[in-house]
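2 protein chains.
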Amino acid sequence: MIPGKQNARFVEIAESLKPQLKTRVEHALRVVKVERDENSLMGWKAVDAGRVEDVGSLNGGDQVIYDFGGHRAGTFEFDIESVLVGVEPADAPCRLKLVFGEVLNDVAESFDDYKAWVSKSWLPDEIINVDYLPEHVHMPRRHAFRYVKIEVISTSPRYGVKISNPIANAVTSAPWEDPAILSFASKGKEMSEEEKDGLRKIDEVALRTLRNCMHTVYEDGPRRDMRLWIGDLRLQALCSYATFKDYDLAKRCLYLFAGMPFNDEGLLCACVYEKPKPYFGGNCIADYAMLFAVTLLDYVKASGDKQTGKDLFEIAAKQFTFFAPNYSEDLRYNVPPAGDASESSSSWHFVDWEPKLEKECAEHAIMIYCLKAIAELASLLQVGEEPSYVLGTGSESQPISTLVPKLIEAHNKHYYDHELGVYVSGPEKQISWGSNAWAVIAGVPESKDIAQRALKAAYTRPESVQGLTPYLHHYLCDAFIVAGLEDLALKHIKEYWGSMVQAGGETFFEAWMPKEPRASPYGDLHSNSFCHAWSCTPALLLRQMGFE
Amino acid sequence: MIPGKQNARFVEIAESLKPQLKTRVEHALRVVKVERDENSLMGWKAVDAGRVEDVGSLNGGDQVIYDFGGHRAGTFEFDIESVLVGVEPADAPCRLKLVFGEVLNDVAESFDDYKAWVSKSWLPDEIINVDYLPEHVHMPRRHAFRYVKIEVISTSPRYGVKISNPIANAVTSAPWEDPAILSFASKGKEMSEEEKDGLRKIDEVALRTLRNCMHTVYEDGPRRDMRLWIGDLRLQALCSYATFKDYDLAKRCLYLFAGMPFNDEGLLCACVYEKPKPYFGGNCIADYAMLFAVTLLDYVKASGDKQTGKDLFEIAAKQFTFFAPNYSEDLRYNVPPAGDASESSSSWHFVDWEPKLEKECAEHAIMIYCLKAIAELASLLQVGEEPSYVLGTGSESQPISTLVPKLIEAHNKHYYDHELGVYVSGPEKQISWGSNAWAVIAGVPESKDIAQRALKAAYTRPESVQGLTPYLHHYLCDAFIVAGLEDLALKHIKEYWGSMVQAGGETFFEAWMPKEPRASPYGDLHSNSFCHAWSCTPALLLRQMGFE
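Chains as they are written, first to last, in the working numbering: chain A, 364 to 911; chain B, 364 to 911.
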């Protein structure tokens with residue numbers, strides 16, 4: 364298999380929209396020590412250890428942890444000089460290990476027994492040698508951090524080192540200023556001040572998460588991957604339309620996907636690379652490819668830019684041709700066995716990283732939801748005939764207006780459990796957030812009551828499979844709002860995203876289960892991103908519900 | 364204690380003589396594997412592992428060892444690209460560990476249990492991260508190496524790396540061309556071709572050692588310290604006068620020492636620093652300070668530059684005032700107990716790193732040798748009155764022409780063992796190379812027969828304390844030549860320096876005892892330099908004996 368043929372015009376448009384990055388110098392606020400804390404969700408607490416300028420001479424084995432507050436993506440620099448024991452000057456290089464911490468766990472725990480299946484090279488540590496002192500050290504690689512730990516591996520018996528002026532050069536393509544803080548003037552007046560402050564903090568953390576993922580593309584996270592994925596893009600862009608009002612970065616990202624398909628037929632990649640030069644991502648995810656239509660519709664509606672909509676309509680519409688064949692004769696959506704993404708063009712179906720999740724019901728609903736979007740887009744853009752597709756191994760191409768009711772009927776037939784009043788998936792009739800959230804978002808339930816009952820059942824039943832990532836938690840909340848269950852959406856935002864704040868998050872995490880705070884899709888907490896695009900959505904959801 | 368006052372004029376002259384460095388691009392010759400070899404002195408052998416351009420894709424845990432042949436000080440660069448497993452591009456940074464090997468032990472053995480008292484920061488390994496592939500990587504720090512090992516710490520499951528074009532940018536201030544190889548036309552005609560080739564190889568390795576220590580100062584070694592020491596300077600400069608014919612670098616180094624004394628009285632430092640800016644070394648060694656006079660005399664005689672001799676005469680002559688007080692009333696030289704060099708200005712007496720060595724006899728001889736040199740310099744430069752000094756706690760200042768015979772008499776009285784026919788030192792009457800070599804060099808023995816007998820006894824008696832470093836081995840050979848024992852000098856060069864060649868040395872080592880190949884003055888083999896200034900002298904000794 365080889366990369367799909369690039370569309371040079373699309374890539375050129377994308378490149379012409381590459382934003383200028385903004386930088387801001389930020390100073391370390393204080394020095395901290397990290398101590399075990401059984402009361403903390405993540406197991407650690409930071410204890411104030413004095414002022415940055417009071418850090419004295421460090422010798423081999425010593426360390427210092429700077430707390431910059433908040434979180435940023437950026438480079439790090441500092442001054443280092445020798446503190447002599449006697450009259451001999453520094454007579455050997457100084458070797459330092461730097462660890463960049465998004466959360467305390469990064470600077471409190473050793474990476475030595477790292478066991479994730481994603482590359483160890485993503486670990487946020489570096490070893491450097493400073494040959495001559497004094498020196499100004501600028502670390503050229505961008506890191507994502509609130510904390511910087513500097514461990515002195517060795518100086519010499521003749522000298523220690525004094526480190527001063529630790530500086531972060533924060534970088535983003537988003538504005539530095541947040542939108543106005545939530546006043547609750549038009550909605551939520553009745554809330555207690557404590558409740559309002561809690562939501563304001565969640566909103567602040569969400570906006571910081573979004574900002575720190577906005578660079579020359581919408582990155583999934585500035586710590587690991589640093590890459591553009593359709594699923595993340597959709598939520599980031601929506602959130603940005605509601606807050607930072609950025610449209611060009613979304614446009615650039617849409618063109619990057621369209622310009623670098625997975626194959627010559629135009630199947631979209633799940634992710635694309637922009638460095639060292641734009642390159643296709645080499646894998647695809649069924650739900651992400653179909654959600655491209657939704658992402659394009661969101662963009663056109665938010666920006667009013669119909670030209671881009673028309674330019675990219677064909678490739679968005681094309682995606683369904685790759686997944687419609689997954690339907691059986693009786694219109695069950697067959698999720699193919701997960702294979703090697705490099706061999707099978709459509710085997711990866713995501714929904715969430717939760718390994719227990721049965722995905723058939725959710726994927727069927729995502730198909731419906733996305734078909735509706737491409738139909739709406741066709742109508743909005745007046746691009747001519749309604750798109751039509753062949754389902755399964757059939758030979759009849761049917762327009763969306765015919766297909767959707769059939770698929771909804773089939774969905775209700777196959778996945779709705781009348782007895783339990785909930786959508787189920789797979790041979791074991793698994794109840795899950797994923798199945799029910801997407802069913803509701805897709806408009807499958809025959810009434811609001813059914814939708815509410817299904818969501819409530821999925822939300823409360825103990826056997827229900829929940830979500831490992833904020834990506835699915837977002838769609839759960841979205842579904843609550845769609846079903847008129849705003850109180851549950853608000854409750855869930857407070858509890859779920861609020862628990863990340865309680866855990867010390869100044870940005871929201873890639874994966875999070877409050878009861879299993881060390882859970883990771885990759886097998887090791889230290890491979891998780893703690894500032895991740897798809898978790899920024901409280902800033903969107905709150906505004907969607909009318910909080911301003 | 365604070366640094367001695369700088370002599371700005373001296374430092375300025377030194378800086379005006381800073382040489383332009385020459386660089387040369389050198390290519391790796393082959394790839395090797397390292398295997399255990401019980402027959403090898405250092406325990407390892409290199410096995411050919413193919414051509415540089417044939418190295419395939421490397422994954423996490425893989426390694427490659429490039430053999431550049433010979434040895435150089437320089438930087439290293441290479442190209443690195445990804446080798447994809449499927450269609451996904453390199454989806455994570457690549458983390459590499461590079462180890463620069465002067466000898467096979469550097470690339471064959473782990474540094475993990477390093478236990479030397481000199482800084483771990485000197486270890487020749489670095490860890491780097493390459494974020495985007497392909498990349499041209501230039502390692503900016505200068506290393507000393509024949510071998511470069513690249514260990515791939517991690518790539519990702521998606522890709523391996525192909526490394527190509529490994530290049531060394533060798534650097535020196537010496538000429539790239541060696542002097543004409545030894546023809547043995549005027550002396551040594553009778554030698555077998557094998558013997559001649561053996562000496563030619565030793566000469567070649569000696570010249571490479573000298574070249575790779577010549578930068579903007581005469582460094583003691585390009586791997587560790589990288590610093591200017593008087594003891595090394597004297598031998599390097601002598602060797603260079605006889606081969607590369609460089610005088611300006613020696614002049615620069617003499618001015619650096621004179622410009623940055625240890626104290627305001629003008630006591631010289633044992634070493635000085637030139638980076639990041641010229642700075643005093645913070646310690647002093649009695650024998651080194653006194654040998655400055657010899658080094659200056661050597662320079663004036665070799666270069667004919669009497670102006671520099673006159674300019675620096677006073678500070679050279681001054682040194683004896685700091686050590687003459689070490690004499691007891693009956694003219695025994697008392698070596699003060701070794702203290703902290705930063706507290707005591709004259710406590711460090713070196714002679715050699717051999718810890719068992721009793722130094723009194725040797726230091727007394729060095730005093731005589733250096734007094735003779737300053738007297739010769741005074742006469743050569745016609746600087747007026749003969750210098751005079753007060754010995755011990757006496758009050759009488761005596762000119763050198765009076766002092767030297769008295770000191771020689773005292774030396775023979777205190778240290779010559781008539782019965783054994785050898786010079787001895789300390790309460791245990793220790794026999795050593797150090798005592799006897801320096802006694803002979805200083806011209807203490809009353810006859811050539813006594814000198815020869817003493818040297819032969821010291822050289823052959825089993826209880827005799829030998830030398831850990833080539834520095835003392837040099838003076839042993841020098842003494843053999845002075846005493847008319849050229850055959851022994853030649854034998855020793857072949858055996859001692861030849862054994863370093865046998866051990867795989869393409870440069871000569873800082874410390875070497877063929878029977879204890881892992882001996883180190885610092886407690887760990889990996890802290891030794893394997894290209895060290897003071898071991899370059901076979902190139903001098905052979906020419907001194909008339910081999911050309």
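Check each hint, because a few of them may be wrong.
To be verified - Each pair of labels, with its calculated beta carbon distance range:
1) B/426 x A/611: 44 to 50 Å
2) B/417 x A/474: 47 to 53 Å
3) B/417 x A/398: 50 to 56 Å
4) A/825 x B/504: 38 to 44 Å
5) A/611 x B/382: 26 to 32 Å
Unchecked claim - Chain A is faced by these chain B residues, among others (derived, beta-carbon under 10 Å):
6) 478
7) 481
8) 493
9) 494
10) 497
11) 500
12) 520
13) 539
14) 588
15) 847
16) 850
Stated by the list, open to error - Pairs of lysine-lysine, DSSO-like flavour, derived with a Cα cap of 27 Å:
17) B/483 x A/460
18) A/483 x B/408
19) A/525 x B/483
If you are wondering where the hints come from, they were derived from the structure by calculation, not from laboratory data. Note that the Cβ used here is the ideal one computed from N, Cα and C, for glycine as well.
Legend entry - residue 500 of chain B as an interface hint toward chain A, with CB separation required under 10 Å: Since chain A brings no Cβ nearer than about 13 Å to residue 500 of chain B, farther than 10 Å, the hint is violated.
Inset, instruction - Can you let me know if the beta-carbon spacing of residue 611 of chain A and residue 382 of chain B is within 26 to 32 Å? - result: Violated - the Cβ-Cβ distance for residue 611 of chain A and residue 382 of chain B, about 55 Å, lies outside 26 to 32 Å.
Inset, instruction - Given the hint that residue 483 of chain A pairs with residue 408 of chain B, test it: the Cα-Cα distance must not exceed 27 Å. - result: Violated, at roughly 32 Å.
Inset, instruction - Double-check residue 588 of chain B for me: the hint is only fine if its C-beta lies closer than 10 Å to a C-beta in chain A. - result: It holds, given that the least Cβ distance between residue 588 of chain B and chain A is near 8 Å, below 10 Å.
Inset, instruction - Double-check residue 481 of chain B for me: the hint is only fine if its C-beta lies closer than 10 Å to a C-beta in chain A. - result: This interface hint holds because 7 Å falls under the 10 Å limit.
Inset, instruction - Classify the hint on residue 494 of chain B as holds or violated, based on whether any CB of chain A lies nearer than 10 Å to its CB. - result: Since chain A brings a Cβ to about 6 Å from residue 494 of chain B, closer than 10 Å, the hint holds.
Legend entry - Hinted pair residue 525 of chain A and residue 483 of chain B, Cα distance within 27 Å: Given that 27 Å is the threshold and the Cα spacing comes to 19 Å, the pair holds.
Inset, instruction - Using the beta carbons of residue 417 of chain B and residue 398 of chain A, state whether their distance is inside 50 to 56 Å or not. - result: Given a distance of about 54 Å, which is inside 50 to 56 Å, the answer is holds.
Inset, instruction - Confirm or reject the claim that residue 825 of chain A and residue 504 of chain B have a C-beta distance inside 38 to 44 Å. - result: violated, 59 Å
Legend entry - Hinted contact residue 493 of chain B with chain A - closest CB pair below 10 Å: At about 9 Å, which falls below the 10 Å cut-off, the nearest Cβ of chain A leaves the hint on residue 493 of chain B intact, so it holds.
Legend entry - Evaluation of the interface hint that places residue 478 of chain B against chain A, nearest CB under 10 Å: violated, 13 Å
Legend entry - 27 Å limit on alpha-carbon distance, applied to hinted pair residue 483 of chain B and residue 460 of chain A: Holds, because 13 Å separates the two Cα atoms, which is no more than 27 Å.
The structure is inconsistent with the numbered hints 2, 4, 5, 6, 11, 13, 15, 16 and 18, although it conforms to all the rest.
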